[in-house]
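Student: Mapping the sequence shown onto numbering that gives the first Met the number 0, position 152 (from 1) lands on 151, and the numbers just tick up by one.
These are computed hints drawn from the structure, not numbers from a lab.
Please read these numbers as outputs of a predicted model, since none were measured by experiment.
Ideal placement from N, C-alpha and C gives every residue a C-beta, glycine not left out.
Once the Cα atoms are required to be at most 25 angstroms apart in a straight line, the calculated PhoX-like pairs of lysine-lysine come out as:
no. : residue 1 : residue 2
1   : Lys106    : Lys188
2   : Lys403    : Lys414
3   : Lys451    : Lys414
Distance windows between CB atoms, simulated:
no. : residue 1 : residue 2 : range
4   : Glu326    : Lys235    : 36 to 44 angstroms
5   : Asp377    : Glu191    : 25 to 33 angstroms
6   : Asp174    : Lys151    : 12 to 20 angstroms
7   : Gly325    : Val236    : 34 to 42 angstroms
8   : Val427    : Glu326    : 14 to 22 angstroms
9   : Thr100    : Leu30     : 28 to 36 angstroms
10  : Phe407    : Asp560    : 49 to 57 angstroms
11  : Tyr321    : Asp377    : 30 to 38 angstroms
12  : Glu248    : Glu397    : 37 to 45 angstroms
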Amino acid sequence: MISQLSLKIGGQQGEGVESTDRIFSTALNRLGYYLYGYRHFSSRIKGGHTNNKIRISTKPIRSISDDLDILVAFDQETIDLNAHELHDNGVIVADAKFNPTLPEGVKARLFAVPITAIAEELGTSLFKNMAASGAAWALLGLPLDVFKKAVKEEFGRKGAAVVEKNVAAVTKAADFVLNLAGGSLPELKLEEADGKQKLFIIGNDAIGLGAVAAGCRFMSAYPITPASEIMEYLIKVLPKFGGTVIQTEDEIAAVTMAIGANYGGARAFTASAGPGLSLMMEGIGLAGMTETPVVIVDTQRGGPSTGLPTKQEQSDINAMIYGTHGEIPKIVLAPSTIEECFYDTIEAFNLADKYQCPVILMTDLQLSLGKQSSELLDYDKIVIDRGQLVRGELPVLEPNKMFKRYEFTEDGISKRVIPGMKHGIHHVTGVEHDQEGRPSESPANRKKMMEKRLEKMKHVQVTNPIKADAPHEEPDLLMIGMGSTGGTIDEARTRLEKDGIKTNHVTVRLLHPFPAAELKPYLEKARKAVVIENNATAQLANLIKLHCGYVEKIENHLKYDGTPFLPSEIYTYSKELI
0 MISQLSLKIG
10 GQQGEGVEST
20 DRIFSTALNR
30 LGYYLYGYRH
40 FSSRIKGGHT
50 NNKIRISTKP
60 IRSISDDLDI
70 LVAFDQETID
80 LNAHELHDNG
90 VIVADAKFNP
100 TLPEGVKARL
110 FAVPITAIAE
120 ELGTSLFKNM
130 AASGAAWALL
140 GLPLDVFKKA
150 VKEEFGRKGA
160 AVVEKNVAAV
170 TKAADFVLNL
180 AGGSLPELKL
190 EEADGKQKLF
200 IIGNDAIGLG
210 AVAAGCRFMS
220 AYPITPASEI
230 MEYLIKVLPK
240 FGGTVIQTED
250 EIAAVTMAIG
260 ANYGGARAFT
270 ASAGPGLSLM
280 MEGIGLAGMT
290 ETPVVIVDTQ
300 RGGPSTGLPT
310 KQEQSDINAM
320 IYGTHGEIPK
330 IVLAPSTIEE
340 CFYDTIEAFN
350 LADKYQCPVI
360 LMTDLQLSLG
370 KQSSELLDYD
380 KIVIDRGQLV
390 RGELPVLEPN
400 KMFKRYEFTE
410 DGISKRVIPG
420 MKHGIHHVTG
430 VEHDQEGRPS
440 ESPANRKKMM
450 EKRLEKMKHV
460 QVTNPIKADA
470 PHEEPDLLMI
480 GMGSTGGTID
490 EARTRLEKDG
500 IKTNHVTVRL
510 LHPFPAAELK
520 PYLEKARKAV
530 VIENNATAQL
540 ANLIKLHCGY
550 VEKIENHLKY
560 DGTPFLPSEI
570 YTYSKELI
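Please model the complete structure; the sequences and the hints are all you need to start from.
Tutor: What follows is the structure, given as structure tokens:
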């Protein structure tokens, strides 16, 4: 028996690859396995090769695998493009319709199953997805009743007849491949899972759920890959809690609507990707100048311009920190797991309210869209902090005076009121202003207001600005990453440790203001450091050098081809550094 394996399903986009993977993974999740998924898809609605890779394990995993155990192919292109990932004992389940052949040098076993023929016998080729899944499931020797239950739940809303035919497709394909192979394959037999209940969601759904739990009741956004799922989730969920979602005409409208809703006292946010973030910059500057809370989610993708809309990258860091003209207070958080996507979203709303500034929640495509297992969330951890938002009565104003919304304070944070509060009247403008919000070009006032706004950044306190796994007092190598790279780095570390190389690992979770004091001790003790990131210009490494120094110790491991890091890539590169 084995403790883990990796399976990939591929075909043409729009052919049902996504739904096939979804049902397969749902059934595995019901059995209690840990799962980690990766979607390779084109930036088009239909056509072009697409595949979903799912890693299955009896233990927690947070990275895709280097190789492949099973490839389910709906066309020859899937075999040609992906068969090289199969190890020598790998298996291909392919539709007999296209007369599948193995590429030269590939030693995998090929099972040609009449997937389309089985589907068409049942009335339509649409059933071929379930036929392919049933064949792969049967070779693993997993209980077929669990898979059939997942099929019934997926298609139940379409009626009993549709459910019956999908189940029949599963059964017929399973029977065929078991007869062809002489039974399930012992070398692919997984150890029994722990059976514990787990979440199986994408990061975007965790962010959406976190927004609801944080008390957010308004989202304005424009659809864009890979952020759209946040909006799609909240369109279904937010109205149940008295909230609403507005699909705006563009990202400029999205961010300014969110700013307006926050000014009105609601908790509101928007979500986008790099191109949308570029359009939001003036609005983000407005939030900084008017000291209005707003949360912006940036789900990074390949850039610049339209770039690679459906591919992995971490290249928006400089834009998030420095993108606005002028200088404003701003916080940039970077969750690295599904759980952190949930809890950090709640913290983002609290920080925005507390420090009255824009907060950007930074993810990347793999963290946003890669479906994976997560431990159950602890709702008792949720804390709502509205900061200096005034709830009671305000003192009576003196004649011809207004509320000092931008009052100078020791920590730079002033009391905040919502429109309509008696004695709370004040000006709000994007031009420089005095304590009551009245436009002012006084040099003395300008200096004090700039210092007031930026003073807030000196007091920012974030839960776990870095996450460290540091078992060694003086490691050979300190490995630093952010976002979705954490699990891949940990897997590479396991291999390095077996080679006798001592490693520590730090995940940077707060990018601005940068947690230099927390990171420096780990850099100080390490013989060398490598910063692992999905961009071409070492944006995280340069931040570390800027704020911490240790330039001579820091090496860069960069990947910017649109794909996530593999454990073997990090292992090989890191070993060569020592």
